[in-house]
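Enquirer: Residue strings, one per chain:
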Amino acid sequence: MTSVSEPAPKSNRSFNLTSAQRSRIFLNIIGIVILVLLVWRIYIVAVDRAYPIQYWAFQVINGLVLGGVYSLIALGYTLVYGILFMINFAHGEVMMMGGFAGFFTLQLMNSLGWSDGTPLQSAATVFFAILAGMIVSVLTGITLERLAYRPLRGAPRLVPLISAIGASFFLQYTALLLFGAIPHNYNKPSIISGGISVGDTGIFISYTGAFIFVAGILLMMGLFFIVQRTKLGRAMRALAEDKETAALMGIDVDKVIVLTFALGSALAGAGGVMLGFHNTVMRFNTGFIPGLKAFTAAVLGGIGNIRGAMFGSILLGVLEALGPSALGLPTEYKDVIAFSILVLVLVFRPTGLLGEVLSEKKA
Amino acid sequence: MNIRDSIRSGLITFGLILFLNLLGLPRTFGSPTIILFTVIVGLLTLLFLRDRHDRKYDLPSSLLNGAIIGIVAGLMLSLVTFIFARMQADGIQVKNVFAQIFPEHTAALTGISADDVIAGVSVLPGLIKLTGLFMIAGILGGGATRLFTERTQAYRTQLATSSAARWLVLGLPFLFYALFLSLKIEGVDIGGSDENILGLIFIFIFIASALFAIRGANSGRERIVYSIGLIILILILPQLTDLFQNAILGAVAIFIVMGIGLNIVVGYAGLLDLGYVAFFGIGAYSYALLSAPKSYFLVNLPWFGGLTFWTGLPVALLMGVAAGVLLGIPVLRMRGDYLAIVTLGFGEIIRLLMLNLRDYTGGPGGVLNVPSPIVFGADLGNPKGILYLAMLFAIVVAFLTTRLRDSRLGRAWLALREDEDVAQAMGINLVSIKLMAFASGAGFAAVAGALYAARQVNIFPDNFTLLVSIDVLSLIIIGGMGSIEGAVLGSLALIGLPEILRSVNEYRIVAYGALLIIMMILRPEGLLPSARRQRELHSEDETVESASAAD
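Protein sequence lines correspond, in order, to chains E and B.
Mapping to our numbering: the first sequence position 160 is 160, numbers consecutive.
To convert a position in the second sequence, counted from 1, into our numbering, add 1000.
Note that these hints are calculated values from the structure, not bench results.
Honestly, I wouldn't trust all of these hints.
[Stated by the list, open to error] Short derived list, chain E residues pointing at chain B, Cβ under 8 Å: (1) F104; (2) L112; (3) D116; (4) P151; (5) Y333.
[Claimed, not checked] Far from chain B, by Cβ distances over 12 Å, these chain E residues were calculated: (6) I53; (7) F127; (8) G166; (9) A175; (10) L177; (11) H184; (12) I192; (13) S193; (14) R229; (15) K231; (16) K293; (17) I303; (18) S325; (19) L342.
[Said to hold, decoys possible] Residues of chain E clear of chain B, computed beta-carbon distances all greater than 10 Å: (20) L37; (21) L131; (22) L152; (23) R157; (24) V159; (25) L232; (26) L248; (27) D254; (28) N279; (29) V343.
We put the beta carbon where it would ideally sit given N, CA and C, even for glycine.
Pulled out of the complex, with its shape left as it was, chain B reads as follows (with noise of 0.2 Å):
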């Protein structure tokens, strides 16, 4: 019975190791790839083996059912490989079927050459080695389930919540500070790997850190001290930067303006919007065709001398919140499915109105030579100025959607998320704050979209296509919805990440939605949740409280 259901994990894990190989993993990234596998099905039979602990496993069951799951993948994804390996010597073209299954793909996962793939050299030994990982890295995952049992889950509690385990959380963003500071120096050489990335890394690290820190300080004197040293070592962070780490981290802070004025939407008023792009689009474009040298009003209307960043960003404003306005009138009866659909084809026309209006917009070509913000005569078109910029926008819209949050009308958009029904009854006018939630998330994600054409300088209708509200939903579903660290967080992780791990890029959207999937089943609350949002997806459930209550 037990090796039946071990076998049965081991083609379950099996399937899923298969899944990355199709996707092209080994491709991607060679060798290194046995190595994620071997660490895949560790993870996952440890998985497996602690979900059977109502059973009571001893060691050694333990060890071999970890065995069997780890030689069932390996056998199987040997017998695969086997089988490309034969057709890509016999000269069979696989990857017009699978695109990524090459010679090399094959090569990566046997140690042999890509050459020696299609000359048909025996991949037996590299499969019998991976076998042999597989299995070894199931014994060791099932070996692992010892650090599940009861007694050991107690004193992983007493150590989690022990003045210790406080104390390091505190101080971790002040060592990865300290690391990045210290790729500074002369002649230090961490890991001899490339210290830019390596810098940006240890950067993201310090502010994702830092988040968990200041909700890990006690609340009152020592969270607000501890909350301003940090900010202000942000402050001081560009200073430090070189060109491309500001760039990153510039866009970081854009999607941040754009994941906070969406939390309104999504995360206090409950109204799940699908085209948050378009407002977005009509900031950048609000902005850039009334200051862009050869943009169509300023060519056409010679009365008309064209907008500084300064003067362009209320128009902007202005137009995302009619914008978001006019959206809000027809959706406002519809509810959650519906409006999803309604405003994605809300942001689908925006797109295909600006690659089609050629005459207005410029259409494919797009608006080019969007001036710069200027401040004091300072030039800020670099990415440390927009940097700058960014981050204090992003500072301003925090504050601007926490006051709102703590109003009447924040109470009343939380209301409305719970039940509509009772709202209305209760004496809240529907009508109006919907209108007001529409209104303000699409007036942040119109300065956003403004900032945004002033760093590209040059946009185009694909940089609005309804990927970026995708992206922007799922920061705030991960980060945490409801809670502007949770955009933070969100966006250090879906928009940083993929910017410095470029190989990886290709699989971001399918990590995305994977993402999406797993969070709504295990933590539909995200990983930094505002408090009430917690307390109302975990009410039934006293143990998670706690135990995420601990961190």
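So that you can see chain E by itself, here it is in the shape it has in the complex (with noise of 0.2 Å):
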């Protein structure tokens, strides 16, 4: 009896692998082949071009200014996925909403005169666009929740997702109707036009993405405290663990709920005004790809983690800059860089690179 439930001879063992062994071995192995071509793409093309050192410089100042904002949207994304186990489709959106407010708000500063006025006039112009599109974010962010997601909690995981798909086209086309298919330009206040360059290395950093760095990681910082620090944060990282049990304990599930969506929507709505800074013009569909991109930010970090969102961000951003120059393509592929980078991750590390290892349920 006892010969029979030995182990197999040693040398059989590595042949009878389980199929999710060898598939997983399979995986690796195509991951390692991408990964070298990738790399002899960028060699040659490195040799081939030779970019000046101020080129990939700047590159990089872009692609971390990129970053910063997407970080902001990202944060939204992951803190609603994290309780909810939904992705809020019409995030992007909630963002553009936001910088359309702050474009009026500028507009108004500006025939007030503030915009362009002393320093500190110029300082609270910046200070109110960024409030005005935080607010209406947070309005169009909670208003979504009540309506659009709230009446489904429960019900199967296609049937939210498929009204937050509604809700993304439904604001974008409101907004398309609302303020009209023309660009709206954004006129930067004179405290952020302009910028300095470091030395004489030739490197400019502009104070529009200065301004916009530091700001998204001061936010980012607050909302760090407030899920870290704060009771409701404490609440929300139960309800993420736990919702029934949560529940039990006392927490408001309602409530807490509603206030993720706000603050996500609060730095989406920062972030919002932000962009419209980095890009000069906010338009009907300005939130679509942004969100997109902030959503694989935060798959890239792992979904449901606040520094995973924050450090994916960042990585996007600076790949998306550099990787049309890199791989020698046209600049017009930085989306199909992206969603390229989406679809690797998600093939080759679900969990994003921080992220923690969900179970499948969750996942």
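Fit chain to chain and form the complex, with the hints in mind.
Expert: Structure representation (structure tokens):
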């Protein structure tokens, strides 16, 4: 009897892999092949084009700024996903609404002459634009939660997702009809226009970029503080862990979910105004692609993970800025690169770079 | 307490009307908008007061509360319109913020001309009239709540299940067919409106009511005879319609093919695919590039003579299936939400490639002069030919899909949709059935794409945006997921109607978005769902099931 239950001889063991193990090995081999091909391509292009260091520095700075904006949006995805396990597909549109609010505030301040007034007035203009963006986004976000998501809590997973897709297109084309198809040009207040050159290296840093990056970091630190140190944050984390138990512990689930949407939307609103400053235009479909990219960033870092979202966003911003030049492609392909990164991450590391290992049901 | 509730309802009504107002309905429709708004106020009042049926309302209090809702909504709208009118009279450009608020907009709501608005003529009489209308609508809505007491409810159920109602449902398609035919008779003029459009509306109602009628027929011989009769009527339809009507019906039929294909992926296998347009585009481009005289392949490969429609179709199908499998492999391990985003990204990548690979695809200039299909020497490159082809494809695809659904594979898909882990535990090979779902859905889309390319003659990357995916998804969700009739109904409503109501076209996507949300909340199984789907989504409440079984 004992001889039957003995393990198979060692030499045979490596051939008796389960199918899951086999597909994982197969995937890893493909991954390595793709990586080698990419490195090879980058090497060829680098030798061929030989861009100066200033060019790369410019692209990295650009990428960091873009990454800062993405991270403000990505945090909203991550917060909501962490608690409800649903992708708030309309989050990019929430951001766009904030961007429009910021635009109209800027117009108002411009007509009052504050935008190009004293430094204090100009700074106040920036502050009010961002504040208006945050307020409008919060209103949009919680209305969305109340009308489109709350009635569907507990429904099969496809149902809220379809509702969210509907909400996304609803908001996009509502904005088109409300505000028109023409691009709305952001006029930058004087305090954040211009920039400085770093020494005599020829590297140029725009004040807008610097402001976006710094303000983004500050806002994210604020969020981090809320989530980690306050009672609301504790309630949010409890919900993310186990909704039923949290409710039994006396947490008002609806209220915390609304506040989560509000927090995420506030960051998105600020992100929308900053994106406006960065791109200098705002259109009805401005939110869609950045929304997708921010989602990609959240997945890249590990969705449901706040630090992951920040890290993933910065990484994605930089990769997107460097990618086309590094691979020797025209810049129109930057969206293709971002989406390819999303696919590759989901295939080779579905939990993201910093993600915890979620159980299959959650992921 | 009642009063406060009513004021709140009035404010919600106002919110909705203000929203429609800012979207620019008055500017698009002119003064009939007031009627539309009045009807909306009446319906919403009915809805609000009916929801309060728990507290036994008597007639006077219903009327009073209705009046309050109407007055609140009317006064608030008047206030906003008054402010806009003042601003327009003072020369402030409201349209710099709200792009639709022109003087014409104010004029449509107040019954004076746009010039008068700018000149500062008082809008108060118009606004008083508006408030009055809203109040009357509110009172009528409040009165209408009487129709929803328990007694009338029972009566209506009785009426709906009576044999007269059944014969009405069965007879309705023929009635509308006859109405359509009567338009052909010399000298007949219904309502003095555009004959083409009216005819098309009759056709749409005919087909839609036919779908419901087939459901209403007793199963067995009655249903078979009835279905065959209706199908014959539909098949002779293209002979009776004109070019314009055939062109629109052709688009509807192509979208039916796509809808049925997407149904396999989303409705049966439960894999949400937002990049469905990619396969449509691949099918269209495969056929177009291999057949159009000035495409890359025909110009640069002199030995290659180009394909006809009938040799191009299998190529398009194969390309679509291959693309489906290629997309399927990396996303095999993903679930719901991730899958949606990745497929969406895939769709965008394909479109960006069409746009940017100028040397091969022609870039933004597209592919021109795609040859039309030829059958036994007859050129089908006209709306009627395309419509017949599309109908043929739709029938073939519908047949194949039904067979697939009832096969072992189909049951495996349903199991997959229900619970992936359990399905796997039951011995289902997830990899192969997921790939089969993607491949068959993609293949059908590619066939539709090839036909679309033949229909359009010139195709451009802009024909294949994300909005096409959203159109197809919306149409199967609103029509009813997992059912072929649902795809037909959805395609008529979402593709056909906007083609007729051109002026409404700009509101199309806003309406789709709202419809998707509303459908998900009220009736996630769609208007004409498959029986199974209906049971799944309403297993716990029997009332809904019996109510819709009576339909």
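Enquirer: Of the numbered hints stated previously, which ones are contradicted by the structure, given in increasing order?
Expert: Failing hints, ascending: 2, 3, 8, 9, 10, 11, 16, 17, 19, 22, 23, 24, 29.
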